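Asks: As a plain string of letters, each chain reads:
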Amino acid sequence: MSSKALRPPLPLRLTIYGFVLIWLFMAAFPFIWTLWGSFKVELDFF
Amino acid sequence: MRHRTFFWFFLPTGLAMLLFIAFPIVSVLVQSVFTPHEAVLVEVENCGPFGCTVETAVDHDATAAKRTAEPLGRFVGLSVYLDRGHLAVIEIAEQWQASSGLGDFISRTQNLPFYRAITFTLTFTFLVTPLLIALGLVVALSVNSLHRHLKGLAIFFSLLPMIVTPLIGSLILFWMVDSRGILGSFIQYMADDPSLSLKASTSLTWIMLIVYGVWHSAPFAFVVFYAGLQTVPSDQIEAARIDGANRLLVVRHVIVPHLMPLVTFVALIQLMDNFRVLEPLVGFNAQAHAQSISLMILNDLSGETQQLSSASATSVLTILGVAILLLPVLVRTWQDFKGKK
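Order-wise, the sequence lines are chains A and B.
When you line the first sequence up against the working numbering, it's residues 1 to 46, in that order.
When you line the second sequence up against the working numbering, it's residues 1 to 341, in that order.
For the record, the hints were derived by calculation from the structure and aren't laboratory data.
Predicted model only: the values in this text are computed from it and were never measured.
Positions of the beta carbon are idealized from the N, C-alpha and C atoms, including for glycine.
Certain hints may be false.
[As the list claims (entries may be wrong)] In silico contact screen, one side only, chain B against chain A (beta carbon under 10 Å); selected entries:
id, residue
1, Ser145
2, Leu150
3, Leu171
4, Pro219
Model the full structure from these sequences, guided by the hints.
Replies: So, in structure tokens, the structure goes:
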């Protein structure tokens with residue numbers, strides 16, 4: 001368990017969490033978009 | 001370990017490597033110096049009411065018999081490697097004579113299929129590989145800093161681009177960047193140009209392919225570096241912090257040196273994989289804007305007439321290209337290994 005002294009400061013933690021959220025969005029969104037489109041007919045895909 | 005013990009331990013692996021690696025390479029090497037026999041031509045005299053004419057026709061029976069008797073074809077040496085579809089030495093010499101400068105010479109070489117393919121392949125390799133290593137490292141450091149209950153979820157979603165088949169992943173991004181797709185529409189809105197199409201421009205297509213390459217391969221680097229981060233000795237980090245190092249200096253002087261063997265490993269694997277880029281070019285339907293070495297091989301084998309000699313020669317050049325790319329890393333690794341002994 002890391003001690004409080006080694007924990008990053010709040011601005012850095014917010015930056016890290018924000019970056020991870022952006023990365024996860026970039027990684028997963030194409031598949032979520034395609035999954036959403038798979039329930040549509042071809043003409044309505046876009 | 002005794003040599004005899006090592007021999008019996010290595011024998012199954014060695015046999016598999018001989019059968020599935022060495023023999024296919026030898027086969028491809030042999031096929032690259034042979035071409036199919038030319039058709040046997042025969043002169044036929046056709047006589048009609050208006051006189052006799054001599055025509056040249058293909059003797060199909062004799063041609064088939066010749067090809068059956070010598071299935072490998074006729075030996076041509078290195079002429080396939082030196083022809084216009086590969087190294088094009090005569091055409092390169094002519095273009096060098098005719099060009100007004102280095103830039104003009106390079107742009108003229110883009111008319112030759114092999115040089116056009118190698119330009120994109122090397123650009124893709126040398127842009128995607130360092131970018132994916134950097135992104136993978138940053139994502140690994142970030143995910144390692146998350147709360148422990150969130151790490152599992154973050155790792156799962158981070159691996160998605162790598163898990164999905166490259167062709168399917170590239171198709172998905174291709175649909176997204178379509179002018180009717182979500183990314184295509186967004187880019188048109190940002191550029192305030194409703195006619196903007198990522199697929200219509202060669203440079204935008206290359207950028208799209210490079211972005212795909214980084215997106216698809218960064219998770220591999222991430223998972224390797226994340227595993228390596230679990231082995232970083234905490235006492236070294238604490239010692240560095242006590243000595244006054246901030247987080248950036250700890251990353252630069254403790255974590256990155258510790259991960260260097262893994263960086264070398266990821267660089268080796270990704271240099272090899274990116275040099276053989278194929279699926280995104282097919283998935284993005286980008287053949288008009290970008291050619292790669294592997295795509296040349298596919299085109300040679302998938303036409304109406306299979307050009308086995310040409311495909312074999314391109315395959316051998318691919319193997320040589322990969323060997324040249326990996327040589328500096330392998331030499332460095334060998335020197336480090338000898339230094340440690």
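Asks: All hints, please: hold or fail.
Replies: Hint by hint, here is what the structure shows:
Nearest Cβ of chain A to the Cβ of B/Ser145: about 5 Å, under the 10 Å cut. The hint holds. Interface hint at B/Leu150: satisfied, since its Cβ lies 8 Å from the closest Cβ of chain A, which is below the 10 Å cut-off. Interface restraint check for B/Leu171: the shortest CB-CB distance to chain A comes to about 9 Å, inside 10 Å, so the restraint holds. Here the hint on B/Pro219 is kept, as its CB sits about 7 Å from the closest CB of chain A, short of 10 Å.
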